[in-house]
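Enquirer: Chains as they are written, first to last, in the numbering used here: chain A, -7 to 462; chain B, 226 to 725.
Derived from the structure by calculation, the hints contain no laboratory data.
Even for Gly, the Cβ is constructed at its ideal location relative to N, Cα and C.
One should not assume that every hint holds.
For lysine to aspartate or glutamate, the following EDC-like pairs were computed, each having C-alpha atoms within a straight-line distance of at most 16 Å [as the list claims (entries may be wrong)]:
#  : chain 1 : residue 1 : chain 2 : residue 2
1  : A       : Lys409    : A       : Glu424
2  : B       : Lys378    : B       : Asp359
3  : A       : Lys271    : A       : Asp411
4  : A       : Lys271    : B       : Glu301
5  : A       : Lys97     : A       : Glu321
6  : A       : Lys57     : A       : Asp411
7  : A       : Lys57     : A       : Glu404
8  : B       : Lys378    : A       : Glu278
9  : A       : Lys271    : B       : Glu380
10 : B       : Lys378    : A       : Asp411
11 : A       : Lys57     : A       : Asp407
Sample of chain B residues with no beta-carbon within 10 Å of chain A, all distances over it, derived [as the list claims (entries may be wrong)]:
#  : residue
12 : Ser284
13 : Ser362
14 : Leu433
15 : Ala445
16 : Ala446
17 : Ala457
18 : Arg547
19 : Asp672
20 : Val712
Using C-beta positions, here's what the derived DEER-type ranges look like [stated by the list, open to error]:
#  : chain 1 : residue 1 : chain 2 : residue 2 : range
21 : A       : Ala(-5)   : B       : Arg435    : 28 to 38 Å
22 : A       : Thr35     : B       : Pro600    : 17 to 27 Å
23 : B       : Phe605    : A       : Ala268    : 26 to 36 Å
24 : A       : Ser230    : B       : Lys378    : 12 to 22 Å
25 : A       : Val440    : B       : Arg261    : 20 to 30 Å
26 : A       : Arg332    : B       : Val289    : 21 to 31 Å
27 : A       : Ile16     : B       : Phe605    : 31 to 41 Å
28 : A       : Val176    : B       : Val603    : 41 to 51 Å
29 : B       : Arg669    : A       : Ala416    : 39 to 49 Å
30 : B       : Arg310    : A       : Lys271    : 21 to 31 Å
31 : B       : Gln545    : A       : Ile16     : 18 to 28 Å
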Amino acid sequence: MLATIVRKEFTEQWRDGRVRLAAIALLALLTGALVLGRQSTRTLAAERTAAAAATRADWLAQPAKNPHSAAHYGIYAFKPRATLATLDDGVDPYAGVLTWLEAHKRNEFAYRPAQDATGAQRAGTLTAAMTLQLLVPLLIVVLAAGAIAGERDTGTLRQLLALGVPARTLGAGKMLGTAAALGVILVPAAVLGAAAIVGLGGDAAYDLPRAAVLAGCYLLYFISWLALVLVVSARAPSARTALAVSLGVWMLVTVLAPRLVTELARAVAPTPTASAFAKAVRDDLEKGFDGHAGQAESMKAFERRILAQYRVDSVAQLPVSFAGLALDEGERLGNVVYDRHFARLWSGFATQERVRALSGVVAPVLALRALSMGLAGTDVAHHRAFADAAERYRRTLVAAMNGDMTRHAVGEDFDYKADPALWAAVGPFTYEAPSLGATLGEHREALVILGGWALVATLGAIAAVARVRP
Amino acid sequence: MTATASSSYAAATSPPPARTVALRVLLAHEWRLLVRDRLLPVATALFAVVVVLALVAGSGFVRVQRATLATLRAAEAAQYDAMRRALDTIPATAAPPERFARDPRSPFHVGARIGRVATLDPAPLAVLAIGQADLQSAYFTVTTGARQAMLMKDELENPVNLLTGRLDLAFVLAVLLPLLVGALTYGLLASEREAGTLALVAAQPVSLARIVAAKVLVRAAIVLALAVGLVAVGLVVAGVPLGAPGTASLAAFALGAVVLYAAFWFAIAVAIGARAPSAAAGALTYAVAWLALVIVVPVAANAIAQQRHPAPSRTALIAQSRAVSAAANARADTVLRRFLYDHPELARGATLSSGAEFAARSLAVNAEIDAAMAPPLVAFDSALAAQQAIVDRARVVAPSLLVQAVLEGVAGTDGARWRAFRDGTVAFHERWRGAIVAHVVADRLLDRRAYETLPAFDAPAQDVAATLARVRPAFAALALLTVAAIVAALLSLRGVRAIA
């Protein structure tokens, strides 16, 4: 019985020329998105690897100079392109790609690729993720809106129930049959997606489990939509109403909700302006905060402390370079301020992301999108992880320069020139992206919400079909 | 829709002159039908709420931007006041400042550390569209430093907010307005056909086009009341200075584009509705048309544009600028000599003091770096222009991009006004450096009189004529597209069959 229903549903769907056309269009878009994604990953990965090598070479090629000059010269950190960004490039076009690591200052990330694109970029990036998040649900609406309401319209629902077909079996058959029709598109899509990320030179042990979980999340998303549309179909008085309601829900949830939630998130945790942020940092550095003294005052106290520690009367009598010590202390004072303000900034962004994920209760696309970007390594958390790693490296590098100055610049301070061997003593910058566990932990709410959606919608579909009346 | 409702056409149209009476009666009849439909209050209320939210978001954005720029300008004024007052406390006999001294008399200190702030105020109609303004900094700090560092400045924002986009009026009107039109219009004829009343309607002595016109006019009145009326009221409430020169005509241009855009979608809805076998099929076709024109074409156009004319690598630019700057620094003496040779009017004294020579060398090196980095930076602008050319061609089949171009153009947030501001800032940067160099090379300290002659940045007002010239092609294309859609709708009405 079930098999017959599934077969009937599947055959009927595929007999519809419009469904075939939609499927072809969808697969064509998906293929285009994957080809472009793969091309970008190749180009960007090569560019950034080359740039990272170039900045390291620049650093090593410095002549003998004062270590503090070297720290001012600094080095650049380039955000690597994640392999799975081929599928979902997430915030990549909108987050800076590089940052300058120099003495005294924690710099922002610069160069958002979207700045080098036209305004049409804001309509969305053509990615596999966009295609799957936006278009597949529409296809599900097309396939499933008439599943039960259509039978009611034509009077065949009464016949089916009169024949003694259990409503549950009917519902299950409709769901599986539509799923099978969808599978004709999604299975090739999955194969295409897998092919797109093979041979890009990523770490397979890192990427494959993520890709698998990513596929699972999309599956949950599609199940949610399919079940939701079946609920509508079972309860709507006619196929026309079922379709209109499903289309309305699709538009509200996938088109309007994300932007509406941006406003909500910004209202809950307003983003500071760049100038307000810079001023807050400057004020704290100059005037101090919460019992921390300002920089000028702190440095005077530091000098007294050092003189007492070494039991000397003036910095000239110190067995170390006071300039080196002072630079190191200045760095330490600055870092406290930067830590405080960046932690605040990031936690504001995290709150905004939480608002987004929780809005997934109403608009499942928001929960899925968080997971999709997270697993692809293109969400805010990954951006932050890289920014923090770059900052840690900056501190290591500057500390090495100041340490060398402290030890070797006695009596010379800023006239001292370090041997170029010092530059190589600081190892190259390496970055380890967050683990799968960390990413799933970051997005646990979204995961629960998406799973909840799939479960509740499926149970809802079963209940709605069980109570179906001709 | 019921048979009794439709049969009232017959009663209404029986006494001649039928035509003039008919339209008014038809309108009243359609209105009664629509009001009874549950969809109307839900769809219009939702749209009205979204319009209000968009007005709130847009004016909030503009308010924050104005406040930020006002703070920056006030801070600059306060700083220069403080420095002028400090000048008065320094006796004329005081020793000249040291090389790095933070001394208000030192042209190098004022030029390289203090500088000026260049600001771009939001245009009067900025409330209409946030556009690219959330990606582009509305101010730059201009010093004698290198140009690239000056321009490497972004506004802070959670990148997911940038990715998702804000709920501004441009989005509501370009993306959501067609959905409201569709919700009100999708069953226009097909529902009568399904109910069997279309044959009755067609049998009346009123042309089908006239009946459709009545149906569309009632719906258009509702849509325009929200999309134009409510928006216009919103602009006034948001405090847009419509009395400012040119602002009213720009606003009229924007709202005119919205009217055309709504007409385009009504025409599409009628064209689809006339041929659709059922209301459901009509709704689906309309949704697919919306998806294709509003989402797929812009997204694909952008993808193709980026693929065909990718911007040069910003990451490679870093290595390049480091190489250029290393070379300029290594040749600093030559660079300075040539600089002075090129500017004989500047070099007054035979020899410079060591402080002045250090400053002059540093300024000359920065000028050299800027000159060397100008061509690679131009490559970014040409790539963007080539991309824009592709997107402009795609706009012919993407009316949402056209209406967005008009709205963002009028709002001054389409990127073009910002690029003009950036270029103005670059020109001002040259002027600023020129003024500082003149003092440094003449080995002259700044006094009160010199402070008055230091160049200041004039925040540019929106150029109304240039804006109109920029949005006119998009407006014209939108008008053409709308006319084409209306013709298509009329043609498809001619072949309407009353019975499914």
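Enquirer: Please go over all the hints and tell whether each is borne out by the structure.
Expert: Tested hints:
Taken as a hint, the Lys409 (chain A) and Glu424 (chain A) pair is broken in the structure, with Cα atoms around 34 Å apart against an allowance of 16 Å. For the hint linking Lys378 (chain B) to Asp359 (chain B), the alpha-carbon distance of about 12 Å falls within 16 Å, and the restraint holds. For the hint linking Lys271 (chain A) to Asp411 (chain A), the alpha-carbon distance of about 38 Å lies beyond 16 Å, and the restraint is violated. About 13 Å separates the Cα atoms of Lys271 (chain A) and Glu301 (chain B), which keeps this hinted pair within 16 Å; it holds.
Note on Lys97 (chain A) and Glu321 (chain A): the hinted pairing holds, with a Cα-Cα distance of about 14 Å set against a maximum of 16 Å. For the hint pairing Lys57 (chain A) with Asp411 (chain A), the CA-to-CA distance comes to about 7 Å; that is within 16 Å, so the pair holds. Straight-line distance between C-alpha atoms of Lys57 (chain A) and Glu404 (chain A) comes to about 13 Å, which keeps the hinted pair within the 16 Å bound. Only pairs whose Cα atoms come within 16 Å are accepted, and Lys378 (chain B) paired with Glu278 (chain A) is rejected, the gap being roughly 23 Å.
Restraint check: the Cα-Cα separation between Lys271 (chain A) and Glu380 (chain B) comes to about 14 Å, which is no more than 16 Å; the hinted pair holds. Under the criterion of a C-alpha separation no larger than 16 Å, the hint pairing Lys378 (chain B) with Asp411 (chain A) is inconsistent with the structure, at around 35 Å. With a C-alpha separation of about 9 Å, the suggested pair Lys57 (chain A) and Asp407 (chain A) falls inside the 16 Å cut-off, and the hint holds. Look at Ser284 (chain B): its CB is around 12 Å from the nearest CB on chain A, clear of 10 Å, so calling it non-interface holds up.
Listed as a non-interface residue, Ser362 (chain B) fails to keep its Cβ farther than 10 Å from every Cβ of chain A; the least gap is roughly 7 Å. Interface exclusion of Leu433 (chain B) from chain A stands, the closest Cβ pair being 22 Å apart, more than 10 Å. For Ala445 (chain B), the shortest C-beta to C-beta distance to chain A comes to about 20 Å, beyond the 10 Å cut-off, and the non-interface label holds. With a least beta-carbon separation of about 22 Å from chain A, Ala446 (chain B) lies farther than 10 Å from that chain, consistent with its non-interface assignment.
Interface exclusion of Ala457 (chain B) from chain A stands, the closest Cβ pair being 22 Å apart, more than 10 Å. Residue placement check: Arg547 (chain B) does not keep its beta carbon more than 10 Å from all beta carbons of chain A (closest about 5 Å). Listed as a non-interface residue, Asp672 (chain B) keeps its Cβ farther than 10 Å from every Cβ of chain A; the least gap is roughly 28 Å. Annotated as non-interface, Val712 (chain B) keeps its C-beta farther than 10 Å from every C-beta of chain A; the closest such distance is 26 Å.
Range check, Ala(-5) (chain A) to Arg435 (chain B): about 54 Å between beta-carbon atoms, so the 28 to 38 Å window is missed. Taking 17 to 27 Å as the suggested C-beta distance range, the pair Thr35 (chain A) and Pro600 (chain B) conforms, at roughly 22 Å. At roughly 29 Å, the beta-carbon separation of Phe605 (chain B) and Ala268 (chain A) lies within the given 26 to 36 Å, and the hint holds. For the pair Ser230 (chain A) and Lys378 (chain B), the supplied restraint of 12 to 22 Å is violated, since their beta-carbon distance comes to about 57 Å.
At roughly 43 Å, the beta carbons of Val440 (chain A) and Arg261 (chain B) sit outside the given window of 20 to 30 Å. Roughly 23 Å separates the CB atoms of Arg332 (chain A) and Val289 (chain B), a value that falls within the hinted 21 to 31 Å. Taking the beta carbon of each, Ile16 (chain A) and Phe605 (chain B) are about 37 Å apart, inside 31 to 41 Å as hinted. Taken as a hint, the range 41 to 51 Å holds for the pair Val176 (chain A) and Val603 (chain B), whose Cβ atoms sit roughly 50 Å apart.
A C-beta distance of roughly 46 Å is found between Arg669 (chain B) and Ala416 (chain A), which places it inside the suggested range of 39 to 49 Å. Between Arg310 (chain B) and Lys271 (chain A) the beta carbons are some 22 Å apart, a value that agrees with the proposed interval 21 to 31 Å. Here the CB-CB span from Gln545 (chain B) to Ile16 (chain A) is close to 45 Å, at odds with the stated 18 to 28 Å.
When held up to the earlier numbered hints, the structure conflicts with 1, 3, 8, 10, 13, 18, 21, 24, 25, 31 and fits the remainder.
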